[in-house]
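Trainee: Protein chains in written order, with the numbering used here: chain S, 1 to 357; chain W, 358 to 714; chain B, 715 to 1071; chain P, 1072 to 1428.
It is worth saying that the hints were derived from the structure and are not from the lab.
Treat the hints with care, since some could be wrong.
Stated by the list, open to error - Capping the alpha-carbon separation at 27 Å, the derived lysine-lysine pairs in DSS-like fashion look like this:
no.	chain 1	residue 1	chain 2	residue 2
1	S	K305	S	K188
2	W	K430	P	K1427
3	P	K1341	B	K1019
Number of protein chains: 4
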Amino acid sequence: MNTFGNLFTLTSFGESHGRAIGGVVDGMPAGIPVDMEYIQRELNRRRPGQSSIVTSRKENDRVEFLSGIFEGKTTGTPIGFLVYNENQHSSDYDNLREVFRPSHADYTYTQKYGVRDHRGGGRSSARETIARCVAGALAKLVLTRLGIEVWAYTSQVGELSLSGDYNRYDFDEIEKNPVRCPDADMAKRMEEYIGKVKSEGDTVGGVVTCVVRHVPAGLGEPVFDKLHAALGSAMLSINAVKGFEYGMGFGGVRYRGSQMNDVFETQQGKIVARTNHSGGIQGGISNGEDIYFRVAFKPVATLLKDIETVDSQGNPTVLRAKGRHDPCVLPRAVPVVEAMAAMVILDYYLLAQSHKL
Amino acid sequence: MNTFGNLFTLTSFGESHGRAIGGVVDGMPAGIPVDMEYIQRELNRRRPGQSSIVTSRKENDRVEFLSGIFEGKTTGTPIGFLVYNENQHSSDYDNLREVFRPSHADYTYTQKYGVRDHRGGGRSSARETIARCVAGALAKLVLTRLGIEVWAYTSQVGELSLSGDYNRYDFDEIEKNPVRCPDADMAKRMEEYIGKVKSEGDTVGGVVTCVVRHVPAGLGEPVFDKLHAALGSAMLSINAVKGFEYGMGFGGVRYRGSQMNDVFETQQGKIVARTNHSGGIQGGISNGEDIYFRVAFKPVATLLKDIETVDSQGNPTVLRAKGRHDPCVLPRAVPVVEAMAAMVILDYYLLAQSHKL
Amino acid sequence: MNTFGNLFTLTSFGESHGRAIGGVVDGMPAGIPVDMEYIQRELNRRRPGQSSIVTSRKENDRVEFLSGIFEGKTTGTPIGFLVYNENQHSSDYDNLREVFRPSHADYTYTQKYGVRDHRGGGRSSARETIARCVAGALAKLVLTRLGIEVWAYTSQVGELSLSGDYNRYDFDEIEKNPVRCPDADMAKRMEEYIGKVKSEGDTVGGVVTCVVRHVPAGLGEPVFDKLHAALGSAMLSINAVKGFEYGMGFGGVRYRGSQMNDVFETQQGKIVARTNHSGGIQGGISNGEDIYFRVAFKPVATLLKDIETVDSQGNPTVLRAKGRHDPCVLPRAVPVVEAMAAMVILDYYLLAQSHKL
Amino acid sequence: MNTFGNLFTLTSFGESHGRAIGGVVDGMPAGIPVDMEYIQRELNRRRPGQSSIVTSRKENDRVEFLSGIFEGKTTGTPIGFLVYNENQHSSDYDNLREVFRPSHADYTYTQKYGVRDHRGGGRSSARETIARCVAGALAKLVLTRLGIEVWAYTSQVGELSLSGDYNRYDFDEIEKNPVRCPDADMAKRMEEYIGKVKSEGDTVGGVVTCVVRHVPAGLGEPVFDKLHAALGSAMLSINAVKGFEYGMGFGGVRYRGSQMNDVFETQQGKIVARTNHSGGIQGGISNGEDIYFRVAFKPVATLLKDIETVDSQGNPTVLRAKGRHDPCVLPRAVPVVEAMAAMVILDYYLLAQSHKL
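So here's chain S without its partners, still in its complex pose (with noise of 0.2 Å):
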C-alpha cells in the first residue's frame, strides 16, 4: 500500500523527523546513465527555503543511491535510496502528542492505527514526497530518452487564475519565477498575494496544470485502468489535493456533444484531431494528442495563528501558534504533479511494450 504502479514502481518509507525519508525505485530499465546533478536539482524544487513565499525551514535534502546504479548506469535491479532528516528534534513536537489538529491526518491515523509518530505529521507529512520527487526524475530520465515532456505550473492562486489556453505559455517560464507560473506578470501578482496571505498567519489553495507532451498514441490499460485514471489517481495521491480534471473537465459538463467532439481530420498525411477538448486522452487510451489536465490542492491546514481543536481525550484545547508556516503550498507542488505524472506515463509506456510479440 505504500507501492505505487504496476511495471514501474515506486516503494516509499519515512517519517517527517525520523532518521530518514526513502524508498525503492523497481522496474527501472537497464543501462540508462543516471545524472545525478539532475536528480539533486528536481529535489531541489520541492525543498523548502527557496523563496519567501514557501515555508523558510531549512532542509538540505541530499538524496543518496544505495543500489542499482553501477559506473554511472542502472542496472535494472531495484534502486535503494534515502535522505536523512535533519531535524529530529522531537521535543519540537511535544505540544501536539496528545492533541488532534484540524484536517490533518492525526485523528484519522489514531482511529486506524491506534498509535502515531506525532512529530511533524510523522508519515502524513508532506515530506513523504520527497521519494516521488526522486522517483519522477528517474522516470524522467528515461522519458526525455522517448522524447516525452513533462510540465506542470502554477495556474491558480485563491482568486487569481490563469485564463485561457495552456497553449498562450512558454513554459520556460515556469521556473524563473518564484510560484512557478508560466505568465510573469500573473506571477508576480500571485507572489504579492501569498506574501499578504503569510503575513496574517494564513494559508491559500489554488491549482496545478500539467501538460504531457509527445506521448505516442496507445498508452492506457481500459477499462479500469484508464490511463487518465492512473493519473488522477496518482494526482489524489498528493498531500492536499482535492480534485483532478483532464480535458475539458468540469468545464465540459456545460457544452453540447456537437461543440464538444474532436473532429478527425487528416494533415500532411496523418490523422490528427482538430481540438484536443478530449485532452489527449479517448477511452482511457492517449492518442498522440497533449495530455492535459488540473490538480487542486486545497490551503495547508497548518496556520500561524491559534487554532482551537481537542485532545486525544476530547477536551477543547488552543494550540499556539508557533515556528513557521507554508502560506502556498502550490510553488512547492508543481515537481511532485510533474514527478508523479512521470512515473504514470513510464509505468503505462512499459505496460503498453509488453503486449508487442
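Here the structure of chain S is known, so what remains is to put chains W, B and P in place on it, guided by the hints.
Mentor: For chains W, B and P alone, kept in the frame of chain S given last:
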C-alpha cells in the same frame, strides 16, 4: 487490467455486441444471503429505455449467476455472472467498420491493438458498466449489513445545477423522477432540458454527486492508496468521466486555510468535526463523517446528426445520423457511480479488517 | 485470489456441480488467430472418460467463448469463456452434506468460509482445471508463434518410474497411449498397474515431467519472482500436487559443486552450457537451454471403498463406496501441467518485453 | 518484482558489493513492540564466519531501521531498513568483470539486462537474503504473539540424511551445533563431512526441513494462491533452491490412496486427523495440524578450485581459485527458510482476517 480492487475484486469482460457482458467477483465474504431481485433491480437502473430522456434501445439485460452462490448464500468463492447480449446484428454497424468516430475510442483502440470490434464501440462501450452494477449490488449487500449507505444523484445537467449542500435534499426523492435528481422542481427542469437537447439530436453533460454515510473512521491506505485516490480512480474509469473532486474540491482552492479547517469539538462524549469541508477523509483515511464527492461527465459523443470525420485511411467522410442516441448519460450513470463507490468502500473495509490482530 | 499471472492472467470461477466452470483471460496479445478446434482438443485431453484407466464419468465439456475474439482473431480485450456443467444433480451428493471426507478440502473450506458447496467438492474439485486448460491453450497459441514448445508426460506411476533423462524419449509418443508416457513399454506396464489399482477401488500417485524448449534467454524476474518460483507456484496450485523440483532437484543435493556446475563453452560462435543440471534457469532467469521440472501428485483421496470418517458434529461415520472413481490422476494431469507452464512462460515473456525500450 | 507478499510485504534492494542491502516492510501491524536485539540475533544466524564450516568472510551486518518504529513500537507505516556493506572493494572482483562463471547468474543477468554489476554476483548474490531475515524476524514478532512457531533445520547434507519423522527431534537442539541439525550425532557427522568437502575446495548440497506449529485452521487462498503454493514459491525464490515438497511430497507418489488418507476422528471433542500425511494443508488451506515441508539446496557454484569457463566474448578461460568459499550453504540457509515461512504465514493470516466481517 480488467480487474478492479484489492481484496474485493471485479474482473469484467465483454463487448457491446459480442455474446455477453459479464464478470467475476472475487473476495465476496461468505454466508451473505443474495437477494436476486434486488440485484436485478439495481441493474435495471442503468438499463436503456427507462424513460423518454434516455436512449430507447431495447435491452432486457437479465443477469445470470454461474457460481459462488449456494442455497441462496455466498460461499466465499468467486461469483461468475453474465448478461447475454440480445442485439448482435453486426451488420447494423457496417458503416463504422472503417471509420473513426470523433471523441470515441475507435482511433485509440486501433492504435493500441491493431484490430478492433467496431460494433457499437466493442469493449469501449458503456455496456461494460453492466458488470460494475452487478458487482456493486453484491458489495451493497455487504455494506447494508454494516450499516453503510451509498447515495448518488444527478446534481447538474448542462447549465442547470443544484445549489447548496447535499444535506438539503431528501434522498428518497432520487428514484422518483427519471433524471434521478433529489429536487423535484429541478428534476422537472432538467427533464425538459434533456428533451430539448434530444430533439435537436444533440447531447449534454453533467455532474453526479455521491454521498457515503456511516463509514467507520479508519478506512484508507496511505500514502498512494488514499481512500479518495481509490474513489477518484474508480470514478475516472467510468465512460465519459472527465473530473473528480471530493469535499470542497476545486471550489475550495479559493478559500483561506482559516476558513477551510474543520475544527474538532466534543459532542456527547464523541470527537466530531464542526464542519465537513474535508469530505469525510483526512490524510487519505475516513474520519467517520459523510464522504461526499462530485463526478463530471462530458456530453456523450454519439449524436443524431451527421458527423464529419475520417476513415481508417485518413480520407474525409461523413457519418450519417442513424438509429437512436442517448441525449444525457447522467440518469443512467447514477447507479454506476454508486456501484463503484460501494466496491471501493467494501474493498477498503476488508483491507482495514486485515490488520486487526 | 482466483486470478493467476501478472500480465497474462486467468481469473477462474465455478464449482464442480454449479452451473458452469469458466474464466476470464486478460492480457492476451491482439491479432492472434484462434483455432477453436485446437482449444477444444486441448480441453478434451483432461476430460474424464477418455480411457479405461481414468474415471468413466461422462462430461462433454464444450467450451464457449463470450468475448475478446472478433472475426476469428483476438482483440486484446479480455476473453470470457465457460463450460456448462451437465451434471447438477445435487441429490447425488446428499450423503456428503454433513460429512468431512478424509484428505479432501471439506473440513478446511468449512473452517475458512463457514459454509461450503458439498456437491462433488464444490470449488475444490479438480473440475476447476477446465479453466486452466482453456487459458493454457490460448497461451500455447502465442508460444507456438514464438517457436516455444511445452511438453509434459507421465514419468512415474506408483513404483513404476522412467529411468534416465528426458532426452531419451520421443515426445510424439506421449499422446499415443492412455497414460501419456513417452515410453511405449513402460506405458503398457503403467496402464496394467493402474487397472489393477482401479479394480481394488484404490488410487495411486505419480510424477509428471515437463520440458519447455526454445525459451529465449533472459526470461525471469529476480529476486522473488524467479522463473522457477513462478513455475513451482503454478504447479503447486494444481489439485493433488505435493512437490516440485527443477533441474537436478532433490537428487542434486547429493552431488558436489564440481560435479553439478554447468560448464560454459562456445559452440559455433554461441555460448552454451556443456550440461544442463540447472534445468535451463540460473539466478531465476532462463539461459536458453531446455527448462525441465518434475511435479509430484499424491494418490487421489476419493476411493471406491468404504471410508471411515466423522460428520460435521464430529461423530464417527462411514462413507459407503459409491459411483465411480479416478484411480490415477496422472494421465489427465499432463495437459494441466502443460497449460500452467504455458501460462507462466507467456507471462514472463510479456514481462521481459516490457523493459525493452 | 522485488516485492514479496500480498498484505505483509517486503520490497528488497541492494547488491553484494554496493553501498547497502536493505528493504521496506509494508503491512506490519501497528503497536507491536520491536525487540531490536532479537532482530539482530536472527540476522546474525545467516552471517558468514559463524563457524569453521561456513565461509570465513567477515561481515558485521548491523541492521539500521529508518522508519515505521516509534518509541519502540511499530506504527503500521512502512519499515525501511538497511545494512551497509563493509566490503566494497570492487577491484577484488576485476577478474570476474568479463567472465561468466558456470552455474551462476552472470550469463543470464547479462542476457536480461545488457549490463551487470559483476562484483560478487551483484544483485544475484545471496547477500540479498539479509533483507529477508530482517523482514522475517519482524513477522516472527507478530507470529509469536499469535502463538505460532516456525522451526527449520538441516535434515540432509550430501549423502547424510536424518531418517524418520520431524517429531522425533528436539528443536531446542538446532541452535546448539553449527550445522543446525536437531540430532547431535548426525550434526557431528555432517560437520566433519562439510569440513572434508571444504578442504577439497568443493561444495555440497542438502535439505532444510521446516515445521510450522499452531497455525489456525482456515489459512489459505484457493485456487491459485494455495497456502503451500505460496510457501513453495517463497522457498524456490531463495538462492540455490531446486525443489520443494510438503507433507509426504515426492515420497508419497508410491503409496495408495488408502494408505495416504488422513482419517478424521474426534479427540476430546475436537475433530483431528489421525495421521498428517497431508502436511497440515488440504485444498490449499491449513487444517490446524503441523505444516511441514522440505527444501532442496544444490551445492554452491563457487568452488576453491580452478574453474573452466568462457568470457563474455565466448573465449575459453580459467578462473583461478581465490579467496574463500562456502562449502555448504545449509547452516546459513536455515534462518532464511524460517524467515520466508514466517512472512508467508503472517501474510496469509492477514488475508484470512480481512474476510471476517
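Trainee: Taking the hints in turn, state whether each one holds.
Mentor: Consistency of the hints with the structure:
The suggested pairing of S/K305 with S/K188 holds, with an alpha-carbon distance near 26 Å, which does not exceed 27 Å. Note on W/K430 and P/K1427: the hinted pairing holds, with a Cα-Cα distance of about 16 Å set against a maximum of 27 Å. Straight-line distance between C-alpha atoms of P/K1341 and B/K1019 comes to about 26 Å, which keeps the hinted pair within the 27 Å bound.
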